[in-house]
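Participant: Each chain, letter by letter, is given below.
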Amino acid sequence: MNVLVRSAGFLASVQDLGRTGLRQSGVSVGGALDPHALRVANALVGNADNAAGVEATLGTLRLQFEDERLVAWGGGAFTAQIGATDLPPGHAGLVTKDEELKLTAPNAGGRAWLAISGGIDVPLVLGSRSTDLKGNFGGYGGRALRDGDLLPLGTAGRLKERRFTNRRTHENGDLEIAAPWISEWSAPGIWASATKNGVLRIIRGNEWDRFTPEAQESFLSAAFSVTPDSDRMGARLEGPELDRVETGDLLSEAVAPGTVQVPPNGQPILLLGDCQTIGGYPKIAHVITVDLPMAAQLSPGDAVRFHEVSLAQAQDLLREREEDFARFRVGLTLHFS
Amino acid sequence: MRIEPLGDSALLVRVVEEFHPEKSLDAVLRALQALEFAAIPGVIELAPAYTTIGVFFDPARIARNAGKSSILEAFKTGIEHAIQTASQAGRFRGAPTAIIEVPVCYEDEFAPDLADVAQHAGLSHDEVIHRHSDASYRVTCVGFTPGFPFLSGMPRELATPRRASPRKEIPAGAVAIGGTQTGIYPRKSPGGWNIIGRTSLRLFDVLRNPPALFHAGDCVRFRKISRSEFEQFSA
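Protein sequences appear in the order of chains A and B.
If you read the first sequence in our numbering, its first letter stands for residue 978, the second for the next number, and so on.
If you read the second sequence in our numbering, its first letter stands for residue 749, the second for the next number, and so on.
By construction, these hints were calculated from the structure, which means they are not laboratory data.
Be aware that a few hints might be false.
[Said to hold, decoys possible] Calculated lysine-lysine pairs in the DSS-like style (CA-CA distance at most 25 Å, straight line): (1) Lys1111(A) - Lys972(B); (2) Lys936(B) - Lys916(B); (3) Lys1111(A) - Lys936(B).
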């Protein structure tokens, strides 16, 4: 079974949790820029964490389904409708055959992740279904989605009667659901809709000490604005120039999504999922993993500030989130079975 | 050896402090092999480059393990142990002996910056080609774009600064010089290196396993070919 892309909006692509193990070949992790949001949406529709979904960026994505599927989404301040019924972020909704799902980006932009039960069943390329938009491989034909694309869907687990409140069982045993159906339960709000509060928590990078005290101070106090040449590789920021004490060249070394590097012009770049595997610019900081969802929402014109936390705090926050997610998953399983 | 955090889900192992084309590369490769061999649970990826190895962890795994003290501390101990044990046991397989030969056509239409390199080096056009294709190289790391090999071993006199304004588009297979390094662009991409030739070798192919032709430590030689040979290779 397939889903038809009636309208792709501006920049939508198939993404899963990314490619790992290929940094030695220079292949970036890629995948959903907010892997947690995709994971939560997948959990809501009964998929494995790594099932492929759609990352939407701008405009309106309209999908028409060939069969009945559960859908869920999370991310920025988008709006979604199944037919004429609103589907809030973090809720599961049932789309029936031929029905349309609409996911609309806010004017200010942002990103959202949509999961469909069964997952998008494009072929695995280098171990992942993610689209590498720079390398033009993976996902759907190695490119962003276009109007008219027909995405193959995997087999969804059987819909269980218990999760539907408006169910009706026919005499022959068939289950009829008075569509539309939207779940009453939902994922925690903080997971389903990343806020744009403008403050990202960071830990110091290895080259922190290479910056002048003024640069260190500005970095932690000034507002930086996101420039239009930002993309899935990184959010380019504009603000006070961050000067270095010494300007000697560095050897390239591993970088990661969340790394904040500063090229010679003193304007920081916050690396995102499609970033290069290695980089030679000094790393002033790293955005902590639990704040990457917010980093993934940065759009041109947004203002962002940085707030320092300790490595121990960053890891505690990550541990907390992972424990909460594990409980959430168990809860969903109980609910569904 | 120093181990530093790289964000909250990775560590950067500084295997050696200073880069040296042969010695530091072998040390990094030894450490890489030791880490691969040790297969530390929770480690999902290793990223070697010049003097360092990035060690990436599964965040969920970090979360599960993070009990009393910092989990990065625990990984740090595991990494140190793996690298030290391996160096004692002498498990390193030694420098690779296989040489990857890269046929390169240095003719004008493929070499827009060869004149600049020649002028900078104070050498003739032919002498640049001769010296570039006569040297032995090693892959110090792969990155920038998938499959891009950074090669050390270029004769010092050929070193040429990157172009003041990078080109918007460099064709796939372009052989180029950036500072003291030479490299090959696996696919059409922007870049600031000086282009001196073209190869028809496919440096990156998603249908291959591994997808990149070159890996850190590989030995590389360039072989000068004519325009007609280049066309035969490309066919």
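Participant: If you test the structure against every hint from before, which numbers come out violated?
Facilitator: Failing hint: just 1.
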